[in-house]
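Protein chains: 2
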Amino acid sequence: MIRFLFSTAAVAALALSVSAQAATPTAAEARKIHDGVLTLDTHLDTPANFGRPGWDILDRHDAAKDGSQIDYPRMVEGGLDGGFFAIYTPQGPRTPEATRAARDGALVRGVEIREMVARHGDKFGLALTADDAAKIKAQGKRVVFMSVENSYPMDGDVTLLSAFYAMGVRISGLAHFKNNDMADSATDKPEWGGLSPLGKQFVAEANRLGVVLDGSHSSDQVLDQLIALSKTPVILTHSGCKAVFDHPRNVDDERIKALAASGGVIQVDAYSSYLIETPKNPEREAAMAALMAKVGARNKMTEAQRAAFLAERNAIDAKYPVPKATFEDFMNHLNHALKVAGVDHVGIGLDFDGGGGVTGLNDASDYWKISQRLLAEGYSREDLAKIWGGNVLRLLRAAEAARAPAD
Amino acid sequence: MIRFLFSTAAVAALALSVSAQAATPTAAEARKIHDGVLTLDTHLDTPANFGRPGWDILDRHDAAKDGSQIDYPRMVEGGLDGGFFAIYTPQGPRTPEATRAARDGALVRGVEIREMVARHGDKFGLALTADDAAKIKAQGKRVVFMSVENSYPMDGDVTLLSAFYAMGVRISGLAHFKNNDMADSATDKPEWGGLSPLGKQFVAEANRLGVVLDGSHSSDQVLDQLIALSKTPVILTHSGCKAVFDHPRNVDDERIKALAASGGVIQVDAYSSYLIETPKNPEREAAMAALMAKVGARNKMTEAQRAAFLAERNAIDAKYPVPKATFEDFMNHLNHALKVAGVDHVGIGLDFDGGGGVTGLNDASDYWKISQRLLAEGYSREDLAKIWGGNVLRLLRAAEAARAPAD
Chain A
4 MIRFLFSTAA VAALALSVSA QAATPTAAEA RKIHDGVLTL DTHLDTPANF GRPGWDILDR
64 HDAAKDGSQI DYPRMVEGGL DGGFFAIYTP QGPRTPEATR AARDGALVRG VEIREMVARH
124 GDKFGLALTA DDAAKIKAQG KRVVFMSVEN SYPMDGDVTL LSAFYAMGVR ISGLAHFKNN
184 DMADSATDKP EWGGLSPLGK QFVAEANRLG VVLDGSHSSD QVLDQLIALS KTPVILTHSG
244 CKAVFDHPRN VDDERIKALA ASGGVIQVDA YSSYLIETPK NPEREAAMAA LMAKVGARNK
304 MTEAQRAAFL AERNAIDAKY PVPKATFEDF MNHLNHALKV AGVDHVGIGL DFDGGGGVTG
364 LNDASDYWKI SQRLLAEGYS REDLAKIWGG NVLRLLRAAE AARAPAD
Chain B
4 MIRFLFSTAA VAALALSVSA QAATPTAAEA RKIHDGVLTL DTHLDTPANF GRPGWDILDR
64 HDAAKDGSQI DYPRMVEGGL DGGFFAIYTP QGPRTPEATR AARDGALVRG VEIREMVARH
124 GDKFGLALTA DDAAKIKAQG KRVVFMSVEN SYPMDGDVTL LSAFYAMGVR ISGLAHFKNN
184 DMADSATDKP EWGGLSPLGK QFVAEANRLG VVLDGSHSSD QVLDQLIALS KTPVILTHSG
244 CKAVFDHPRN VDDERIKALA ASGGVIQVDA YSSYLIETPK NPEREAAMAA LMAKVGARNK
304 MTEAQRAAFL AERNAIDAKY PVPKATFEDF MNHLNHALKV AGVDHVGIGL DFDGGGGVTG
364 LNDASDYWKI SQRLLAEGYS REDLAKIWGG NVLRLLRAAE AARAPAD
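Those protein sequence lines, which keep their order, are chains A and B. Position in the first sequence counted from 1, then plus 3, gives you the working numbering. Position in the second sequence counted from 1, then plus 3, gives you the working numbering.
Note that these hints are calculated values from the structure, not bench results. Any given hint could turn out to be false.
Note that the list lumps identical chains together, so a pair holds whenever it fits in one copy or between two copies.
[Said to hold, decoys possible] Using 30 Å as the maximum straight-line C-alpha spacing, the simulated DSS-like pairs for lysine-lysine come out as follows: (1) K234 to K322; (2) K322 to K297; (3) K138 to K303; (4) K192 to K297; (5) K144 to K303; (6) K260 to K303; (7) K126 to K140; (8) K203 to K283; (9) K126 to K303; (10) K322 to K68; (11) K68 to K192; (12) K126 to K144; (13) K126 to K203; (14) K192 to K35; (15) K126 to K327; (16) K138 to K283; (17) K192 to K126; (18) K297 to K126; (19) K68 to K138; (20) K303 to K140; (21) K68 to K144; (22) K68 to K342; (23) K297 to K203; (24) K140 to K192.
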């Protein structure tokens, strides 16, 4: 009798589990599950807005009007608990003077991130360890990790990574759109064949400090070498799948498998021209380049100048239209990565405020839609917890554990 | 008739002026005049407290209980509008590893100053130019300038001064208690005979950026060379007069005159053992050194550990008493400096939270007493405005004007 009862209960539990996975949850059910997991985006370019005159992260902005995609109200709306706020530096000339200016600018950007958290300490918390994330969420606050996108500010002195670490940086990339003194870029001609000797020093230094290495924007060879050289698993904070669309910023299946096999993670981005084919249009590119040259540093603009800039940009878009990727295109990349790497090795890094954003997934208020779709496709709450934060935090913990005891 | 009227008015005005200077104002009158001028202390070591667990600048502290001398409530009580919040680094080993740790620590201290202002943006404002000070005061806020006390964090790379400048630093000293790679200390054996070649590079770099050079803690030869080499006038942010008490941290009359003749300023400190003779007591020094070695980094203490530390320190003071300077001793140095240099070349830098403090002038609530005394001695409101802020702001303006246009 007792055995029969157990058996029935087991069968019932199994049936429930299967049906829970099979049935599409309602929007409310999906949202509830989404809100229950820790949700982190590993590449937020929002700090570029922190120095904008009049821009306040506590205000709700409209991406169509001011171009910004992340702020506190929309993080709450979309159920984004936080993420890695990037210290981004455009690749400039590889001269001592320019590298030094990049260093100073990157340090100030780091200060601005810390100031943002200090200014809004009731709504944001600075995370310095993997464990901090859940604690900050439990306090009802948003989680602010810090990351470096381009190592260019440290090209003059690789020891500077410890200064960025001391400020709070826990993930660092190597290159951006162009090669630098440390590594080849995915979107430039090979110069070092991957990492330079300085870049290899940087890898050792990141391991010593406990900084997770980020291969996004670097060449395939850099990724291979990071996987081979790094003592702890590597991340791609915002990358796509080459098998879905062949772009240098996307990674082929073999490399995604090698990354997963080494314990690493690919975080899928929502950058339209990396997700789908965007036909070349020299006239459009010339018009856009002229506009960008005219406006200068975007975070120095007044709101009026920004509105004028966006109006001109919209006019260029209207005159030379380009196809815009959709939520479905993003999901194609995400699902492909999940199929190739498995749920333990995939995450989310949309590149909002840095060029990311597609139709239907265009600002922080949209994050929860990803959970809704993944649940509809049969992924469990546990899967979501890994994809949204568990995987990247596993990498942070590995880096913390391998950190040299002296520091 | 009209001429007679003018003449009478002029005589009356003159008589009023003379009597205003001669009559001792009441405490209320003195306080009113004090509150009407911009009051800056050029050496506040308070940032060392910013990382103290549980310490909040908005709380009113008791110097006798927790050792701290500056906080918002006491700044209001004493009428201190603000000052230069120092990034202080103790002189450590002159090795690449130690210099690098000093660099990282100093940058983090800079971040903590910026975070403090960001956290309390309704009560404090960051000042980046001389003109900012009056604007911030007019907003009803306290003025936070940033300074560097010891250049040791930059010994490995003199170009780092631009990073500190970018963070907000506008005054930088060279050495502290010991010689470093840039300069000889006033309290160490001569090594460079003043500035080292690197120190001379630092002077040029400070001039290029628009950073005022601070000779306090550096040797007399360093001061001479700063005056000779710097393109803009030099400051002593917290120093005393050798003619009043012969101590290496104090400056002789000839040098005070040379500093004044070059347009510079001496800001008088309230550091007891620099103001008056403190007999050597090896047993006391050994007991104090043992205590300091035991407690380690003071800003890492919990409040309980700090209370225990202060209790032990008080016990040492009771067992081996030392004479403590008084408000009168401080005024002797201040008046001597005023006599030798004149009101255009003297200011206030008490070294609170860094060892400063004498009987009767021991925390921020006491600042206005200096004005009360100076008024009683016949100094005018205009004199006070120079001493309390006008002089140091003149040096900042000179540095701003001489700043290389490229940056």
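Here is what the structure says about each hint:
1. K234 to K322: neither (50 Å within a copy, 55 Å between copies)
2. K322 to K297: The answer is within: 19 Å in one copy meets 30 Å, while 72 Å across copies does not.
3. K138 to K303: This pair counts as between: shortest inter-copy Cα distance 22 Å, intra-copy 35 Å.
4. K192 to K297: Within one copy, since 27 Å is at most 30 Å while 57 Å is not.
5. K144 to K303: both (29 Å within a copy, 25 Å between copies)
6. K260 to K303: neither (42 Å within a copy, 45 Å between copies)
7. K126 to K140: both (10 Å within a copy, 29 Å between copies)
8. K203 to K283: neither (35 Å within a copy, 54 Å between copies)
9. K126 to K303: both (26 Å within a copy, 26 Å between copies)
10. K322 to K68: Within one copy only: 19 Å inside a chain, 71 Å across chains, cut-off 30 Å.
11. K68 to K192: Classified as neither: same-chain Cα gap 36 Å, cross-chain 64 Å, threshold 30 Å.
12. K126 to K144: Both: 5 Å inside a chain and 24 Å across chains, each within 30 Å.
13. K126 to K203: Result: close neither inside a copy nor across copies, 39 Å intra and 47 Å inter.
14. K192 to K35: Neither way: K192 and K35 sit 47 Å apart in one copy and 69 Å across, limit 30 Å.
15. K126 to K327: For K126 and K327, neither the intra-copy (34 Å) nor the inter-copy (47 Å) Cα distance is at most 30 Å.
16. K138 to K283: neither (47 Å within a copy, 52 Å between copies)
17. K192 to K126: neither (44 Å within a copy, 52 Å between copies)
18. K297 to K126: neither (37 Å within a copy, 38 Å between copies)
19. K68 to K138: Result: close neither inside a copy nor across copies, 35 Å intra and 33 Å inter.
20. K303 to K140: Only across copies: K303 and K140 sit 26 Å apart there, 32 Å inside one copy, limit 30 Å.
21. K68 to K144: within (27 Å within a copy, 34 Å between copies)
22. K68 to K342: neither (37 Å within a copy, 63 Å between copies)
23. K297 to K203: neither (38 Å within a copy, 40 Å between copies)
24. K140 to K192: Answer is neither; intra-copy 43 Å and inter-copy 55 Å both fail.
The structure shown violates the earlier hints numbered 1, 6, 8, 11, 13, 14, 15, 16, 17, 18, 19, 22, 23 and 24.
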